[in-house]
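Asks: Okay, here's what each chain looks like letter by letter:
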Amino acid sequence: MSVILRIRNLKKYFPTSKKGVFVKAVDGIDFDIYKEDVFALVGESGSGKSTTAYTVIGMYEATEGKIEYKDLDISRIHWKRPIQLKKNIQIVFQDPGTSLNPSKTVSQIIGAPLIIHKHLRGEKLREAIINALNMVELPSEYIYKLPRDIGGGEKQLVAIARALSAGPEFVILDEPTSALDVSIQAKIIRTLLKLKEELGLTYMFITHDLSLVRNISNRVAIMYLGKIVEQGPTSQIFAEPSHPYTQMLLSSIPVVTKAEEAFKPKQVQSTGEIPSPVDVPPGCSFHTRCPLAWDTCRKIEPQPVELQPGRIVKCHLYSKHKATLSGAKL
Amino acid sequence: MKNEEALAVQNLRVNYKIYRGILKVLDGINLTVKRGEKIGLVGETGCGKTTTLKAIMGILAGNAILSSGRVTVNGKVVLQRSAHHMVRKSAKRVAMIFQDPTASLNPVFTIGEQMELVVRYAANRSSSAREAAVNALRLAQLPDAERIHTNFPFQLSGGMRQRVCIAMALAAEPNIILADEPTTNLDVTIQDQVLKLLKRLCDEQELALVLVTHSLGVARETCDRIYVMYAGTIVEYASSQNIFENPYHPYTRGLLAALPRLTGEGIAEGIEGRIPDYLNPPQGCRFAPRCEHATEKCFSTKPGFYEAEDGHFVSCFLYETERGVASDVSHSSDTES
Numbered sequence: 001m002s003v004i005l006r007i008r009n010l011k012k013y014f015p016t017s018k019k020g021v022f023v024k025a026v027d028g029i030d031f032d033i034y035k036e037d038v039f040a041l042v043g044e045s046g047s048g049k050s051t052t053a054y055t056v057i058g059m060y061e062a063t064e065g066k067i068e069y070k071d072l073d074i075s076r077i078h079w080k081r082p083i084q085l086k087k088n089i090q091i092v093f094q095d096p097g098t099s100l101n102p103s104k105t106v107s108q109i110i111g112a113p114l115i116i117h118k119h120l121r122g123e124k125l126r127e128a129i130i131n132a133l134n135m136v137e138l139p140s141e142y143i144y145k146l147p148r149d150i151g152g153g154e155k156q157l158v159a160i161a162r163a164l165s166a167g168p169e170f171v172i173l174d175e176p177t178s179a180l181d182v183s184i185q186a187k188i189i190r191t192l193l194k195l196k197e198e199l200g201l202t203y204m205f206i207t208h209d210l211s212l213v214r215n216i217s218n219r220v221a222i223m224y225l226g227k228i229v230e231q232g233p234t235s236q237i238f239a240e241p242s243h244p245y246t247q248m249l250l251s252s253i254p255v256v257t258k259a260e261e262a263f264k265p266k267q268v269q270s271t272g273e274i275p276s277p278v279d280v281p282p283g284c285s286f287h288t289r290c291p292l293a294w295d296t297c298r299k300i301e302p303q304p305v306e307l308q309p310g311r312i313v314k315c316h317l318y319s320k321h322k323a324t325l326s327g328a329k330l
Numbered sequence: 001m002k003n004e005e006a007l008a009v010q011n012l013r014v015n016y017k018i019y020r021g022i023l024k025v026l027d028g029i030n031l032t033v034k035r036g037e038k039i040g041l042v043g044e045t046g047c048g049k050t051t052t053l054k055a056i057m058g059i060l061a062g063n064a065i066l067s068s069g070r071v072t073v074n075g076k077v078v079l080q081r082s083a084h085h086m087v088r089k090s091a092k093r094v095a096m097i098f099q100d101p102t103a104s105l106n107p108v109f110t111i112g113e114q115m116e117l118v119v120r121y122a123a124n125r126s127s128s129a130r131e132a133a134v135n136a137l138r139l140a141q142l143p144d145a146e147r148i149h150t151n152f153p154f155q156l157s158g159g160m161r162q163r164v165c166i167a168m169a170l171a172a173e174p175n176i177i178l179a180d181e182p183t184t185n186l187d188v189t190i191q192d193q194v195l196k197l198l199k200r201l202c203d204e205q206e207l208a209l210v211l212v213t214h215s216l217g218v219a220r221e222t223c224d225r226i227y228v229m230y231a232g233t234i235v236e237y238a239s240s241q242n243i244f245e246n247p248y249h250p251y252t253r254g255l256l257a258a259l260p261r262l263t264g265e266g267i268a269e270g271i272e273g274r275i276p277d278y279l280n281p282p283q284g285c286r287f288a289p290r291c292e293h294a295t296e297k298c299f300s301t302k303p304g305f306y307e308a309e310d311g312h313f314v315s316c317f318l319y320e321t322e323r324g325v326a327s328d329v330s331h332s333s334d335t336e337s
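Residue numbers (our numbering), protein chains in the order written: chain A, 1 to 330; chain B, 1 to 337.
For the record, the hints were derived by calculation from the structure and aren't laboratory data. Hints may be right or wrong, so weigh each one.
[As the list claims (entries may be wrong)] Result set (DSS-like, lysine-lysine): computed pairs, CA atoms no more than 27 Å apart in a straight line:
{"id": "1", "chain 1": "A", "residue 1": "K194", "chain 2": "A", "residue 2": "K145"}
{"id": "2", "chain 1": "A", "residue 1": "K66", "chain 2": "A", "residue 2": "K80"}
{"id": "3", "chain 1": "A", "residue 1": "K266", "chain 2": "B", "residue 2": "K199"}
{"id": "4", "chain 1": "A", "residue 1": "K264", "chain 2": "B", "residue 2": "K196"}
{"id": "5", "chain 1": "A", "residue 1": "K70", "chain 2": "A", "residue 2": "K86"}
{"id": "6", "chain 1": "A", "residue 1": "K299", "chain 2": "A", "residue 2": "K18"}
{"id": "7", "chain 1": "A", "residue 1": "K299", "chain 2": "A", "residue 2": "K264"}
{"id": "8", "chain 1": "A", "residue 1": "K258", "chain 2": "B", "residue 2": "K199"}
{"id": "9", "chain 1": "A", "residue 1": "K194", "chain 2": "A", "residue 2": "K35"}
{"id": "10", "chain 1": "A", "residue 1": "K264", "chain 2": "B", "residue 2": "K199"}
{"id": "11", "chain 1": "B", "residue 1": "K34", "chain 2": "B", "residue 2": "K92"}
{"id": "12", "chain 1": "B", "residue 1": "K196", "chain 2": "A", "residue 2": "K266"}
{"id": "13", "chain 1": "A", "residue 1": "K18", "chain 2": "A", "residue 2": "K118"}
{"id": "14", "chain 1": "B", "residue 1": "K196", "chain 2": "A", "residue 2": "K258"}
None of the values given here were measured: they were computed from a predicted structure.
Assemble the whole structure, with the sequences as input and the hints as a guide.
Replies: Okay, structure coming up:
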């Protein structure tokens with residue numbers, strides 16, 4: 001399978017009011033997204049998952065590092081990107097209440113990308129808009145409605161129709177269902193997965209909901225304070241979480257059945273809170289909350305260790321016995 | 001002591017008057033909480049969970065109309081409808097924790113100043129207010145309580161602010177805590193800590209807890225009993241174990257099926273349609289328009305509560321024959337306004 005998006009050592013720092021002090025929102029991450037995959041980027045608030053998405057789409061300019069889309073270097077801000085590229089990469093935002101213009105009708109909202117990328121006018125434009133609405137299973141009368149006339153779930157479907165109307169190949173979904181109720185979430189997710197199959201799309205799915213990730217993605221990356229601490233195939237990560245943070249995260253999820261309870265890793269006492277990304281702890285950034293941390297963790301940052309092909313963990317627990325492989329730098 | 005009722009809500013109906021008409025929000029809510037019992041009020045956005053809590057607390061908005069019902073706290077009636085208007089008394093020994101700790105703390109006073117006010121006026125202790133405040137902070141497992149006492153809210157993180165709110169609730173020396181989505185704004189690892197703290201405190205001090213949440217998982221891990229709400233009505237209540245192992249009401253079933261599972265069984269259908277318009281709610285069962293089992297009767301008559309199992313009550317005609325009408329509360333279908 002071919003790699004559609006390759007991220008290498010991506011960094012995004014934001015300046016603060018103090019000179020020389022930066023918020024390290026994304027601090028050197030690497031990952032690959034394969035064609036027709038659902039790649040999930042998981043983390044708590046402030047872990048840099050949305051910043052990663054916005055840098056990939058070009059809303060932010062990367063401080064350092066490389067973003068390659070189908071072997072084309074796209075690590076630049078959106079106005080320096082070719083328009084064809086913008087057609088190919090689209091995004092759906094978290095809150096449909098704020099990502100849709102309240103004074104435009106649904107037809108204007110969905111029509112904008114069709115006019116820009118497909119140069120459609122008149123009757124053809126109208127047809128394409130109705131097609132896009134039908135794609136997300138909304139009735140065609142909706143073209144006359146304003147965002148305030150429709151429910152939250154329907155608004156998100158309109159946002160999805162807008163993202164897909166231009167015919168993209170790669171769609172970033174930034175917490176598309178976290179503002180919605182579970183019964184509506186199920187419908188949106190089903191629609192998204194159906195469209196992925198039909199149109200052969202690739203998704204980068206950003207969320208903090210691990211139960212959801214388990215059900216929809218093939219590959220997962222877990223972020224903590226701007227770094228990816230663990231990544232790999234979904235089934236492996238959930239069956240055998242390796243990083244202590246992943247274990248803590250999984251054991252903290254409130255679940256509703258006994259089967260799920262048995263599935264969770266043994267209770268890891270959740271302690272402490274996420275430090276501020278302005279002064280990230282030295283060494284492994286998780287050491288302040290890690291139940292297993294020792295001296296090395298407080299001083300030296302762990303290097304990524306490949307446990308199995310595609311399964312990468314950043315933790316000294318695993319670099320110890322693999323020291324000969326990747327520990328030369330330590 | 002243990003089996004005494006701490007809180008009872010009877011046939012509570014609350015409407016809101018708005019420009020377009022009258023929103024009939026709460027449609028006969030009945031719930032009881034015993035001393036030291038932790039109950040969960042679960043439902044989706046707009047189902048009236050928060051309105052119920054506000055009615056109990058006596059902080060309903062100005063346009064709210066109480067059309068019937070009564071709220072009893074520790075044996076005293078605090079809210080009821082008299083001939084023409086609602087009669088409110090401030091409930092004693094009830095404390096509330098809100099969803100957004102940032103918005104519920106005053107940004108211009110230190111944590112200590114705010115907490116001491118609570119100690120002075122709610123718990124009626126002025127001599128040792130400072131000590132009581134610091135003690136409450138310690139109880140909420142805040143590290144370095146003395147320092148936090150002098151901090152402003154902006155100096156604390158989200159999880160710590162919510163702990164401060166819990167401490168503040170405790171400082172009022174309540175025996176009932178009402179918590180309105182206390183962990184919705186927090187990350188999962190912090191949520192886990194805050195819920196465990198809340199649960200432990202309630203167990204240690206024999207506090208009754210009413211936890212309002214939209215997360216079924218949170219309710220299951222914290223509460224003894226769960227009430228499931230839909231569109232201003234309670235559709236099912238039972239022990240948390242029963243609700244999750246043996247849900248009866250079609251809505252509860254749909255809701256549980258829609259939840260993505262950690263074990264990975266794919267994504268279920270979800271429930272078609274949306275919550276009814278409160279201006280003109282369905283005549284009979286409020287879930288009928290979305291229910292696949294709905295019959296004509298469901299559209300015309302409101303179901304009562306039927307006991308499907310011991311202590312497991314369902315408000316659905318499907319279970320009418322199970323044990324006859326074994327409802328513990330009479331459920332009148334006429335609406336006074």
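Asks: To test your reading of the hints: which numbers does this structure violate?
Replies: Hints 7 and 13 are the ones this structure does not satisfy, whereas the remaining hints hold.
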